[in-house]
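**Student:** Single-letter residue listing:
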Amino acid sequence: MLRKGNVKIRRLGLPGLALLGLIFLSGCWDYRELNELSLAMAIGIDKDAKTGDYRVTFQIVNSKEIAGRNATGAVAPVAVFTESGETVFEAVRKVALKGSRRISLQHLRDLVIGERLAREGVKELFDLLERDHESRLTTRVYIARGTDAETLLKTLTPIDEIPANAILGKIQLAESTVGENYEVQLVEAIHGIYRKNAGLAISGIKLTGPETTGRKRANLMHTDPPAALKVAGMAVMKNGKLVGWLNRNETRGVAWINNKLKSTIVNLKCEPKGKIAVETYGSATKLKADVRDDRPVIRIIIKQTGKVGEANCPVDLTKSDEIKKLEQQWEAITVHEVKQAVKLAKRLNSDILGFGEAVQRDRPKAWKAMEKEWGELFRTCKAEVTVETVLLRTGMTTKSSMTNK
Amino acid sequence: MEKAKISPGQMAALIFLFEMGTALVVSLGLDAEKDAWIAILLGTAGGLALLGLYASLYRRYPDLPLTSYAIEILGKWIGWPLGLLYALFFIYGAARDMRDGADLLITSVLDQTPLVAIGALMMLTIGYVLHKGIEVLARTAQIYFAVMVVLGVLSNLLLIVSGVIDVDRLLPVLEKGWGPVLDTTLTQSFEFPFAEMICFTMLFPYLSRPGKGIRWSFVALFASGLVLSFSMAMNIAVLGVDIASRSTFPLLTTISLVNIKEFIQRLDVFVVMTLIIGDFFKVAIFYYVAVLGISGLFRIGDYRKLVYPVGLIIYCLSLIIAANFAEHIEEGNLALSSVFLLFGVFLPLLLWIVAFVRQRSLA
Numbered sequence: 001m002l003r004k005g006n007v008k009i010r011r012l013g014l015p016g017l018a019l020l021g022l023i024f025l026s027g028c029w030d031y032r033e034l035n036e037l038s039l040a041m042a043i044g045i046d047k048d049a050k051t052g053d054y055r056v057t058f059q060i061v062n063s064k065e066i067a068g069r070n071a072t073g074a075v076a077p078v079a080v081f082t083e084s085g086e087t088v089f090e091a092v093r094k095v096a097l098k099g100s101r102r103i104s105l106q107h108l109r110d111l112v113i114g115e116r117l118a119r120e121g122v123k124e125l126f127d128l129l130e131r132d133h134e135s136r137l138t139t140r141v142y143i144a145r146g147t148d149a150e151t152l153l154k155t156l157t158p159i160d161e162i163p164a165n166a167i168l169g170k171i172q173l174a175e176s177t178v179g180e181n182y183e184v185q186l187v188e189a190i191h192g193i194y195r196k197n198a199g200l201a202i203s204g205i206k207l208t209g210p211e212t213t214g215r216k217r218a219n220l221m222h223t224d225p226p227a228a229l230k231v232a233g234m235a236v237m238k239n240g241k242l243v244g245w246l247n248r249n250e251t252r253g254v255a256w257i258n259n260k261l262k263s264t265i266v267n268l269k270c271e272p273k274g275k276i277a278v279e280t281y282g283s284a285t286k287l288k289a290d291v292r293d294d295r296p297v298i299r300i301i302i303k304q305t306g307k308v309g310e311a312n313c314p315v316d317l318t319k320s321d322e323i324k325k326l327e328q329q330w331e332a333i334t335v336h337e338v339k340q341a342v343k344l345a346k347r348l349n350s351d352i353l354g355f356g357e358a359v360q361r362d363r364p365k366a367w368k369a370m371e372k373e374w375g376e377l378f379r380t381c382k383a384e385v386t387v388e389t390v391l392l393r394t395g396m397t398t399k400s401s402m403t404n405k
Numbered sequence: 001m002e003k004a005k006i007s008p009g010q011m012a013a014l015i016f017l018f019e020m021g022t023a024l025v026v027s028l029g030l031d032a033e034k035d036a037w038i039a040i041l042l043g044t045a046g047g048l049a050l051l052g053l054y055a056s057l058y059r060r061y062p063d064l065p066l067t068s069y070a071i072e073i074l075g076k077w078i079g080w081p082l083g084l085l086y087a088l089f090f091i092y093g094a095a096r097d098m099r100d101g102a103d104l105l106i107t108s109v110l111d112q113t114p115l116v117a118i119g120a121l122m123m124l125t126i127g128y129v130l131h132k133g134i135e136v137l138a139r140t141a142q143i144y145f146a147v148m149v150v151l152g153v154l155s156n157l158l159l160i161v162s163g164v165i166d167v168d169r170l171l172p173v174l175e176k177g178w179g180p181v182l183d184t185t186l187t188q189s190f191e192f193p194f195a196e197m198i199c200f201t202m203l204f205p206y207l208s209r210p211g212k213g214i215r216w217s218f219v220a221l222f223a224s225g226l227v228l229s230f231s232m233a234m235n236i237a238v239l240g241v242d243i244a245s246r247s248t249f250p251l252l253t254t255i256s257l258v259n260i261k262e263f264i265q266r267l268d269v270f271v272v273m274t275l276i277i278g279d280f281f282k283v284a285i286f287y288y289v290a291v292l293g294i295s296g297l298f299r300i301g302d303y304r305k306l307v308y309p310v311g312l313i314i315y316c317l318s319l320i321i322a323a324n325f326a327e328h329i330e331e332g333n334l335a336l337s338s339v340f341l342l343f344g345v346f347l348p349l350l351l352w353i354v355a356f357v358r359q360r361s362l363a
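Line order of the protein sequences matches chains D and H.
205 is the number that our numbering gives to position 205 of the first sequence; each next residue is one higher, with no gaps.
187 is the number that our numbering gives to position 187 of the second sequence; each next residue is one higher, with no gaps.
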């Protein structure tokens with residue numbers, strides 16, 4: 001009986017299975033071919049002043065211009081479309097209509113938020129990007145300083161043809177060479193924005209020069225394009241709202257405290273005159289919290305190593321005494337800059353330094369009482385800074401060429 | 001029962017994959033917030049104790065599956081209906097996990113594909129393997145065990161290299177005391193996935209070397225508990241507890257943060273593969289023990305006749321079990337602290353006590 005069944009299965013079942021295979025194996029249900037997709041590299045979100053709707057801008061790669069051989073050089077490398085809607089998602093869908101293809105969020109690198117919207121509050125923006133299965137939490141967040149995201153994203157940039165990549169490159173370069181800015185990923189932004197009484201610093205990007213020029217390819221015909229994007233300090237957020245800006249020279253201390261500083265140049269004074277530039281190799285920061293007299297005390301412990309990059313003064317760098325002196329000076333400058341950053345954060349009253357989290361981590365019991373009043377406590381908390389520095393090397397020369405003069 | 005033997009290593013692989021199942025990718029124990037990993041560890045301890053109970057029953061009846069020794073212990077009139085209830089429970093379990101896996105797959109990657117299609121494909125594959133017998137499933141498990149280990153090691157390595165782990169996010173430990181942790185353990189992380197081990201009371205009789213087989217089962221269960229706890233700790237260390245607990249699949253979000261120099265990224269497929277492999281074995285085992293139970297209870301000689309009919313029932317049940325994902329999860333939480341607790345813990349305990357008392361009174 002079983003045998004008979006088997007034969008039957010073979011006679012009818014196998015062709016049937018083969019037919020079934022035709023349906024199931026011929027392709028994915030959700031397939032989307034590359035030539036039907038628009039790759040969005042950057043998204044900008046603004047608020048429409050009149051209607052209060054969201055204005056969403058997408059920077060979309062013009063793949064023909066980017067993929068080498070077929071590039072004409074006559075067309076802009078990216079297309080930038082803007083559309084508004086009551087929800088971000090609605091606007092996103094409507095933007096796609098301006099082009100002819102479905103927009104894919106998978107390669108989204110930058111999220112730019114217009115300053116006006118940032119001042120009003122950004123808490124409503126992130127749900128879509130957290131919920132959507134195509135977008136990723138590694139997208140970087142920026143604030144368009146003094147302008148809206150739309151204008152910023154429409155500006156063409158030299159060298160890196162896709163402005164979205166140029167923006168990312170600028171920030172990463174600033175992070176890894178001067179330590180003045182650091183990139184903030186969506187995951188960190190969400191963390192800082194929704195945590196009660198926490199603060200967040202986000203890099204700002206500004207547009208210099210006439211915006212109308214920036215939109216045309218002609219902008220790139222100049223050696224120094226008249227309209228350009230520049231890294232411009234960091235925006236200080238509190239409870240999801242922009243409350244102030246840190247300028248270039250103020251951001252390094254914040255980066256130091258947040259353990260974001262990778263490399264930077266510190267200029268030291270030299271006797272009797274001249275300067276010595278020290279390059280930081282690596283820096284690691286730890287925050288420890290104590291409670292003294294019911295008041296939080298934060299200890300900022302920084303360990304850094306570096307080398308001498310330039311010495312324009314008659315100093316004998318072969319002597320370890322000299323090195324020690326330089327280290328001390330370097331330490332003092334670091335301490336000063338870090339304290340300055342703490343002072344600034346307190347003045348803006350935004351815990352961009354992660355002090356609250358340090359207290360929660362190290363003194364969970366005390367934190368329970370402080371949690372509610374942290375907004376006030378942060379302003380009065382004490383910060384102690386310890387810096388340990390090691391000057392490892394002096395570069396390819398020992399004594400400066402000015403030593404003998 | 002079919003004539004088959006499972007080696008201790010195969011049993012361990014089956015248990016490990018079964019425990020990984022869907023538990024690895026969902027937000028397991030996150031009601032305990034930062035301390036989810038402790039809740040899972042405590043759940044593991046409970047699971048080990050429970051396995052001790054199952055092993056003790058197995059030693060008493062080394063040749064019989066649960067549905068048969070229930071009759072031996074409680075007699076025909078109570079034991080047989082109880083066995084039937086167990087068979088239904090296994091079908092329900094299989095359908096739940098089928099739905100879990102399919103829904104997770106749709107939400108995470110295949111957003112336009114209907115449930116019907118994913119379920120049908122999964123069910124046909126599993127049905128085919130089970131038709132080939134438990135030995136085939138066990139050998140498959142060995143292969144996929146290796147795949148899982150490679151995926152796991154690689155993912156963790158890449159997470160470390162990309163520097164997204166911040167252990168500080170796990171601190172302070174036990175911020176709100178033991179209360180929430182114990183609560184989560186009792187209502188969630190103990191039942192899911194550890195009380196589901198009840199399935200293996202049906203499979204132990206296949207063990208080729210009982211003593212070693214049981215020992216390996218303990219090891220596999222312990223190891224899977226550690227892995228679950230570790231990966232949840234990893235999720236929290238990478239995402240922070242807010243995002244992790246909001247996320248439908250923390251593990252998927254975690255792995256999506258891997259980004260090494262804008263070059264090695266988008267490793268979501270690792271997690272999706274884990275999900276498919278785990279879900280495959282979980283459904284397969286629930287499904288197999290259901291078939292086994294029914295064929296024993298109704299004295300159907302060849303269990304293979306039941307594979308496709310039962311498969312069809314599981315498939316249909318998985319489609320109608322809930323109208324939407326939220327309802328499915330809500331139902332799941334209710335079922336965990338009632339149905340799974342009853343069938344996984346209380347009834348086996350009852351069987352064990354009765355068996356013990358009867359042995360005493362006979363002696």
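Incorrect hints may appear among the rest.
Capping the alpha-carbon separation at 30 Å, the derived lysine-lysine pairs in BS3-like fashion look like this [what the hints assert, rightly or not]: (1) H:Lys261 - D:Lys64; (2) D:Lys303 - D:Lys273; (3) H:Lys76 - D:Lys238; (4) H:Lys261 - D:Lys303; (5) D:Lys382 - H:Lys261; (6) H:Lys176 - D:Lys262; (7) D:Lys262 - D:Lys307; (8) D:Lys368 - H:Lys176; (9) D:Lys241 - D:Lys339; (10) D:Lys307 - H:Lys176; (11) D:Lys230 - H:Lys176.
Now the in silico label distances, taken between C-beta atoms and shown as ranges [said to hold, decoys possible]: (12) D:Glu271 - H:Leu157: 47 to 55 Å; (13) D:Glu120 - H:Glu330: 33 to 41 Å; (14) D:Leu20 - H:Gly163: 14 to 22 Å; (15) H:Arg266 - D:Ser401: 31 to 39 Å; (16) H:Pro172 - D:Arg379: 20 to 28 Å; (17) H:Ile160 - D:Thr386: 25 to 33 Å; (18) D:Glu134 - H:Leu157: 20 to 28 Å; (19) H:Val219 - D:Ser320: 51 to 59 Å; (20) H:Ala326 - D:Thr87: 19 to 27 Å.
I should point out that these hints are in silico values taken from the structure, not numbers from a laboratory.
Ideal Cβ placement from N, Cα and C applies to all residues, glycine included.
**Student:** So, for every hint listed, does it hold in this structure?
**Tutor:** Consistency of the hints with the structure:
With a C-alpha separation of about 25 Å, the suggested pairing of H:Lys261 with D:Lys64 holds against the 30 Å cut-off. Under the criterion of a C-alpha separation no larger than 30 Å, the hint pairing D:Lys303 with D:Lys273 is consistent with the structure, at around 28 Å. At roughly 70 Å between alpha-carbon atoms, H:Lys76 and D:Lys238 are farther apart than 30 Å, so this suggested pair is violated. At most 30 Å may separate the alpha-carbon atoms for a hinted pair to count; H:Lys261 and D:Lys303 meet this at roughly 25 Å.
Between D:Lys382 and H:Lys261, the direct Cα distance comes to roughly 38 Å. Violation of the 30 Å bound is thereby established for this hinted pair. With a C-alpha separation of about 36 Å, the suggested pairing of H:Lys176 with D:Lys262 is violated against the 30 Å cut-off. For the hint pairing D:Lys262 with D:Lys307, the CA-to-CA distance comes to about 14 Å; that is within 30 Å, so the pair holds. At roughly 10 Å between alpha-carbon atoms, D:Lys368 and H:Lys176 fall within 30 Å of each other, so this suggested pair holds.
The suggested pairing of D:Lys241 with D:Lys339 holds, with an alpha-carbon distance near 24 Å, which does not exceed 30 Å. At roughly 46 Å between alpha-carbon atoms, D:Lys307 and H:Lys176 are farther apart than 30 Å, so this suggested pair is violated. Among the hinted pairs, D:Lys230 with H:Lys176 is inconsistent with the structure: their alpha-carbon atoms are about 46 Å apart, more than 30 Å. Taking the beta carbon of each, D:Glu271 and H:Leu157 are about 50 Å apart, inside 47 to 55 Å as hinted.
As the Cβ distance of D:Glu120 to H:Glu330 is approximately 36 Å, the hint placing it in 33 to 41 Å holds. Separation of D:Leu20 from H:Gly163 is about 47 Å and departs from the stated range, judged on CB atoms against 14 to 22 Å. Restraint check, H:Arg266 to D:Ser401: a C-beta distance of roughly 51 Å breaks the suggested window 31 to 39 Å. A beta carbon spacing of about 24 Å between H:Pro172 and D:Arg379 agrees with the range 20 to 28 Å that was offered as a hint.
The supplied range of 25 to 33 Å is met by H:Ile160 and D:Thr386, whose beta-carbon atoms lie about 28 Å from each other. Take D:Glu134 and H:Leu157: their Cβ atoms lie about 26 Å apart, and the range 20 to 28 Å holds. For H:Val219 and D:Ser320, the Cβ-Cβ distance of about 57 Å falls inside the hinted range of 51 to 59 Å, so the restraint holds. Between H:Ala326 and D:Thr87 the Cβ separation comes to about 20 Å, which falls inside the hinted range of 19 to 27 Å.
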